[in-house]
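*Asks:* This is what each chain is made of:
There are 4 protein chains.
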Amino acid sequence: MPSLGRLVLLVSPKGKRYLRPLVPGKTLHTNDGILQMSDVARAGFGHVAHTHLGRPYQVIKPTLYDLIKGIKRQTQILYPKEIGYVLLKLGLGPGASVIEAGSGSGSLTLALSFMLGETGKVYTYERRPEFFELCAKNLERAGLGHNVERFNADIKDGFLQQGVDSLFLDVRNPWEYLDQVVKAVAPGAPLGFLLPTVNQVSELLAGLEAGPFADMEVLEILLRRYKPVPERLRPEDRMVAHTGFLIFARQRD
Amino acid sequence: MPSLGRLVLLVSPKGKRYLRPLVPGKTLHTNDGILQMSDVARAGFGHVAHTHLGRPYQVIKPTLYDLIKGIKRQTQILYPKEIGYVLLKLGLGPGASVIEAGSGSGSLTLALSFMLGETGKVYTYERRPEFFELCAKNLERAGLGHNVERFNADIKDGFLQQGVDSLFLDVRNPWEYLDQVVKAVAPGAPLGFLLPTVNQVSELLAGLEAGPFADMEVLEILLRRYKPVPERLRPEDRMVAHTGFLIFARQRD
Amino acid sequence: MPSLGRLVLLVSPKGKRYLRPLVPGKTLHTNDGILQMSDVARAGFGHVAHTHLGRPYQVIKPTLYDLIKGIKRQTQILYPKEIGYVLLKLGLGPGASVIEAGSGSGSLTLALSFMLGETGKVYTYERRPEFFELCAKNLERAGLGHNVERFNADIKDGFLQQGVDSLFLDVRNPWEYLDQVVKAVAPGAPLGFLLPTVNQVSELLAGLEAGPFADMEVLEILLRRYKPVPERLRPEDRMVAHTGFLIFARQRD
Amino acid sequence: MPSLGRLVLLVSPKGKRYLRPLVPGKTLHTNDGILQMSDVARAGFGHVAHTHLGRPYQVIKPTLYDLIKGIKRQTQILYPKEIGYVLLKLGLGPGASVIEAGSGSGSLTLALSFMLGETGKVYTYERRPEFFELCAKNLERAGLGHNVERFNADIKDGFLQQGVDSLFLDVRNPWEYLDQVVKAVAPGAPLGFLLPTVNQVSELLAGLEAGPFADMEVLEILLRRYKPVPERLRPEDRMVAHTGFLIFARQRD
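Chains as they are written, first to last, in this note's numbering: chain A, 1 to 253; chain B, 1 to 253; chain C, 1 to 253; chain D, 1 to 253.
The hints are simulated quantities; they were obtained by calculation from the structure and are not laboratory data. Where hints are given, some of them may not hold.
Sample of chain C residues with no beta-carbon within 10 Å of chain D, all distances over it, derived [as the list claims (entries may be wrong)]:
| no. | residue |
| --- | --- |
| 1 | Lys-16 |
| 2 | Gly-33 |
| 3 | Gln-58 |
| 4 | Lys-81 |
| 5 | Lys-227 |
Chain B stretches covered by chain A per the calculated footprint, using a threshold of three residues with CB under 8 Å from any CB of chain A [stated by the list, open to error]:
| no. | region |
| --- | --- |
| 6 | 33 to 47 |
| 7 | 52 to 60 |
| 8 | 73 to 87 |
| 9 | 127 to 138 |
| 10 | 183 to 195 |
All C-beta atoms in this analysis are idealised placements derived from N, C-alpha and C, irrespective of residue type, glycine included.
With the hints as constraints, model all of the structure from the sequences given.
*Replies:* Listed below in structure tokens is the structure:
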């Protein structure tokens with residue numbers, strides 16, 4: 001049975017998706033009729049619950065992908081295509097520690113909280129109060145955040161941590177904080193950055209070259225979907241052409 | 001200090017990379033002279049060890065990305081750009097269970113072992129003895145595999161597990177094993193597939209449509225690198241244009 | 001002075017674009033006020049005409065690109081990114097002859113008519129009367145078509161020409177017409193095809209392999225735009241991911 | 001019969017391609033034996049000539065694409081995927097006039113000469129004597145250049161023409177020549193530029209914004225090939241990721 005209070009993904013007969021907390025007594029009003037959350041809990045993951053009009057809704061355990069897609073966003077967010085790659089490049093997994101700034105809507109924070117597990121540690125910094133709150137809300141809604149420490153602070157004042165395994169910056173002018181970065185991470189730590197414009201990428205690279213950093217990499221990740229029709233298989237007509245550039249480096253002696 | 005026996009990444013002054021086990025008494029012969037592994041251990045991650053000619057080598061703690069790149073391969077392998085996305089789509093993280101077939105060189109196995117942690121479980125199947133051994137060797141070399149059970153078996157005979165959280169197939173003809181898949185996973189489990197040709201994608205989609213599956217998706221992930229020169233920033237001249245198509249679906253009622 | 005009756009491109013202060021025939025006495029009603037076509041003619045290409053509210057409109061000689069973008073379309077059309085490449089691959093230029101089917105909305109027909117000049121010859125076939133008319137209308141509107149012969153006919157009955165330099169098919173099932181193709185073109189002629197799905201590409205390739213054809217090529221062309229802001233240069237957020245696959249071959253002995 | 005002195009494309013049984021002038025009495029030494037050019041002339045386009053060992057070589061009339069691919073190059077060249085698009089964007093076809101700088105190896109010059117026909121006019125500028133010669137050689141070899149005027153001159157001294165229809169710059173620092181550009185082209189003329197780095201693109205855009213220019217566009221064109229095997233259709237493993245960025249604008253009042 002799904003755990004109470006956690007998010008459940010409900011898929012309508014026509015494929016409409018609802019990501020909702022599983023609270024008994026609550027209802028979901030849909031175009032196919034009313035769905036009782038107690039019926040959803042009884043059905044369980046992988047099974048079907050019916051609306052009062054008898055329409056079948058699939059009850060699905062959301063994956064990390066679903067949680068990220070379902071986030072309440074007020075900012076540009078990192079997408080799964082970038083997040084998955086960042087995790088591998090920064091060596092992030094169970095037990096690791098990482099600093100992130102800014103938290104934004106919390107899409108990366110959520111992924112880090114999920115992937116670093118009970119023994120990992122996420123330190124996330126956000127200057128603006130409204131995003132500081134939004135990130136907290138998105139973590140709580142997803143049943144995550146147990147291993148996350150949040151700071152409503154400007155990173156120009158530095159990070160409170162030292163010797164952290166890794167660090168990721170999604171801020172407008174990361175080159176201004178490289179001194180703070182060096183003080184916060186373990187020697188040789190892998191670092192990541194997200195930036196939307198090529199001008200920012202150039203400026204960051206110049207900053208990294210001037211400091212104790214090595215192994216600079218710049219890349220972008222493109223995802224192209226196909227219409228999943230076996231006898232008429234073809235790419236979708238349009239795609240996302242740009243989320244941002246990913247930049248990686250390592251702190252060095 | 002780096003843990004003994006584990007892999008360490010050694011980077012030469014010119015950027016040449018060596019991924020080697022850290023065994024005291026051992027040496028690394030390079031074009032820059034001989035490097036003593038005991039000196040490497042003494043230097044520690046993020047610092048520098050010198051060859052007998054006095055050349056500095058960076059001592060780096062390899063990330064999951066470095067481990068995958070350093071794998072001994074005899075097969076086409078999944079790359080970090082695909083692996084990261086697969087992890088998120090399949091909801092894989094600490095404590096999850098997953099079936100994988102075939103093991104191949106073990107690049108995905110290695111990533112799964114790393115990401116699922118102490119409480120997770122990876123069941124990997126490989127029919128061919130030489131790859132069965134290669135995967136084991138690559139896991140051991142990386143200091144991983146503690147949460148992996150390996151099977152030298154043909155999946156046409158079915159999987160030994162039931163109720164597994166998720167499953168990934170990287171085999172030539174996955175549509176022939178969909179009955180076995182259904183028996184092995186939990187209701188509603190997310191499923192993933194990698195296939196190189198569009199003809200195979202069509203055939204798999206037809207198989208999925210005919211069975212108890214939903215939410216089919218087909219996509220590919222492209223990674224484009226830039227030359228990281230701040231004042232002459234430009235994409236690299238060439239790129240990998242194709243690893244394979246990723247197909248996702250869910251088991252359903 | 002622009003030639004009368006020909007299309008002129010009028011660009012508003014905010015960048016809105018109007019492709020209109022230059023007919024004296026006619027007017028263009030815009031959000032910026034009324035523009036007199038006689039004022040447009042007097043201004044001339046590269047200069048500015050003013051609406052009755054005094055707003056400046058740029059008077060521009062449309063390029064082939066502008067003409068194609070301005071076509072009245074009822075079908076999926078070939079885009080400039082594909083058309084330019086097709087011209088080079090098929091050796092099309094002044095004086096060449098080419099067969100095209102179907103005409104569709106006439107975007108390729110228009111480009112061919114422009115590029116093949118006074119001494120070239122375009123034979124275009126279209127089965128459906130409504131597109132046969134639409135293509136004619138689009139040619140006439142652009143002041144082109146002088147070197148075009150149009151046929152309202154089904155190509156399963158064959159082409160009326162022989163020894164034509166080149167041929168391009170944009171039809172649903174081109175593999176059914178390969179016999180007709182062979183009879184219409186010069187020995188060794190380069191051939192082109194546009195198809196939206198991978199299944200069609202496979203079927204066409206099988207047909208080409210079975211016949212007197214060589215040098216098969218399959219490719220797709222992607223165009224990625226950037227926001228042209230010097231200090232914040234970045235790719236546009238979204239892009240066209242698929243128009244169609246281009247297939248090329250040569251008739252051979 | 002192919003015209004004498006002109007290039008002919010000879011394709012070996014294994015697909016090896018030779019682009020050679022058709023000079024009677026000359027021979028081509030291949031791994032399949034010796035091919036007499038007189039036999040090639042006798043066979044004619046679209047037919048087969050045999051080596052002295054009896055191996056069949058296809059005799060093919062090269063298209064513009066083949067000519068560009070066969071160019072002797074000492075510089076980075078424009079590729080067909082870019083050239084085709086440039087032609088359409090700049091409104092180039094029979095009878096048009098265009099200025100190009102620098103000539104480089106002459107790949108664009110060759111395409112322009114082909115496409116602008118008897119009544120068109122290409123003015124190409126090249127500062128460096130070795131490329132000035134190379135461009136001439138490549139034009140002559142292809143049997144083109146009749147409508148080309150070449151200038152071994154530095155464009156900082158300005159262009160000798162006025163009122164030209166269009167202009168394309170493939171030079172390192174095009175923003176330094178915008179004054180010269182304005183003097184050479186007709187009012188409202190479409191302009192094109194090729195640049196390899198994003199820093200150059202930014203600098204050019206700033207220059208265009210400061211001058212009498214409008215309608216700036218920045219884009220890149222990617223071409224992805226597939227292995228043309230009907231039952232195992234898939235993209236090629238690697239592709240060209242970057243030739244250069246194309247920038248377009250119009251001179252305006």
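*Asks:* Is the Cβ of C:Gly-33 more than 10 Å away from each Cβ in chain D?
*Replies:* Fine: 19 Å to the nearest Cβ keeps C:Gly-33 off the interface.
*Asks:* Is it the case that C:Lys-227 keeps its Cβ farther than 10 Å from each residue Cβ in chain D?
*Replies:* violated, 8 Å
*Asks:* State whether the coverage of the region 52 to 60 of chain B by chain A holds or is violated, taking the criterion as 3 or more residues with Cβ-Cβ distances under 8 Å.
*Replies:* holds (count 3)
*Asks:* Examine the region 33 to 47 of chain B: at least three residues should have C-beta closer than 8 Å to a C-beta of chain A.
*Replies:* With 4 residues close enough to chain A, the hint holds.
*Asks:* Do three or more residues from the region 73 to 87 of chain B put their C-beta atoms closer than 8 Å to C-beta atoms of chain A?
*Replies:* holds (count 7)
*Asks:* Are there three or more residues in the region 183 to 195 of chain B whose C-beta lies closer than 8 Å to some C-beta of chain A?
*Replies:* With 5 residues close enough to chain A, the hint holds.
*Asks:* Against chain D, does C:Lys-81 hold up as non-interface, every C-beta pair farther apart than 10 Å?
*Replies:* It is violated; C:Lys-81 is separated from chain D by about 6 Å at its closest Cβ, not greater than 10 Å.
*Asks:* How does the region 127 to 138 of chain B fare against chain A when you require at least three residues with a CB closer than 8 Å, holds or violated?
*Replies:* Answer violated; 0 residues pass the 8 Å Cβ test.
*Asks:* Verify that the Cβ of C:Lys-16 lies farther than 10 Å from every Cβ atom of chain D, and report whether the claim holds or is violated.
*Replies:* Given that every Cβ of chain D is farther than 10 Å from that of C:Lys-16, nearest at about 12 Å, it holds.
*Asks:* Since C:Gln-58 was said not to touch the interface, does its Cβ keep a gap of more than 10 Å from each Cβ of chain D?
*Replies:* violated, 6 Å
Checked against the numbered hints listed earlier, the structure breaks hints 3, 4, 5 and 9; every other hint is satisfied.
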